[in-house]
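Chemist: For reference, the chains in residue letters:
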Amino acid sequence: AQSVTQLGSHVSVSEGALVLLRCNYSSSVPPYLFWYVQYPNQGLQLLLKYTSAATLVKGINGFEAEFKKSETSFHLTKPSAHMSDAAEYFCAVSVGNTDKLIFGTGTRLQVFP
Amino acid sequence: GAGVSQSPSNKVTEKGKDVELRCDPISGHTALYWYRQRLGQGLEFLIYFQGNSAPDKSGLPSDRFSAERTGESVSTLTIQRTQQEDSAVYLCASSRDSQAVEQFFGPGTRLTVL
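In order, the protein sequence lines correspond to chains A and B. Read in order, the letters of the first sequence correspond to residues 1 to 113 in the numbering used here. Read in order, the letters of the second sequence correspond to residues 1001 to 1114 in the numbering used here.
For reference, chain A alone in the conformation it holds in the complex (with noise of 0.2 Å):
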């Protein structure tokens, strides 16, 4: 059965420091995977998604995510934090014919001026 742990439910950062918000999977076929963005009283917005081609993946707003198999990971990351990437982030795993899609607990992540 296919699952998503993220590590951190908080992380805080310094605007233009370096954004690392760690995702692991477990699935038992190659996964499509994705990160999914929620600004406050907003819905989920699409940031990147791995679909089996390029295992470095750039999305919007400067993200972009490495899909490492031999970890099994799918970290974000972005080099310089800006204040409006604060939000809550998802980490997410498709599954089987309906690609009904499994979520991780979500990363909250702050950024100070």
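It is worth saying that the hints were derived from the structure and are not from the lab. It cannot be assumed that every hint is accurate.
The calculated lysine to aspartate or glutamate pairs, modelled on DMTMM-like cross-linking and capped at a C-alpha distance of 20 Å, are [to be verified]:
#	chain 1	residue 1	chain 2	residue 2
1	A	Lys49	B	Asp1097
2	B	Lys1057	A	Asp99
3	A	Lys58	B	Glu1102
4	A	Lys49	B	Glu1102
Following the hints, complete the assembly by docking chain B onto the known chain A.
Modeler: For chain B alone, coordinates are given in the frame of chain A:
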């Protein structure tokens, strides 16, 4: 419409009452999903529609929960005899089809059961 819409945006109800939550997917999207987000937790899958059929209802937590979809468009999630543990944000998502990979999410309905 331009995106997935949900109504109401907020719903406060008393324990034991029934509620209906509505989702309008993006026009032409045949796949529709309901998820639930309880406070401090990730999103939980509830049910998946392909067209008007629901081949995967595995996430519905109890028989108090049901959903339907008509005209390959609007979907309604019904919770009967609400309980306090039903309090959550209920999110709807749609995709072009079940193989389209990307799901587009609505803003959610925040349900509070007193």
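Chemist: All the hints need checking, so say for each whether the structure fits it.
Modeler: Each hint, compared with the structure:
1. Lys49(A) to Asp1097(B): The given pair, whose Cα atoms are some 17 Å apart, holds under the 20 Å limit.
2. Lys1057(B) to Asp99(A): Since the Cα atoms of Lys1057(B) and Asp99(A) sit roughly 13 Å apart, the hinted pair holds (cutoff 20 Å).
3. Lys58(A) to Glu1102(B): 15 Å, holds
4. Lys49(A) to Glu1102(B): 8 Å, holds
Going down the numbered hints, you'll see the structure goes against none, and every one checks out.
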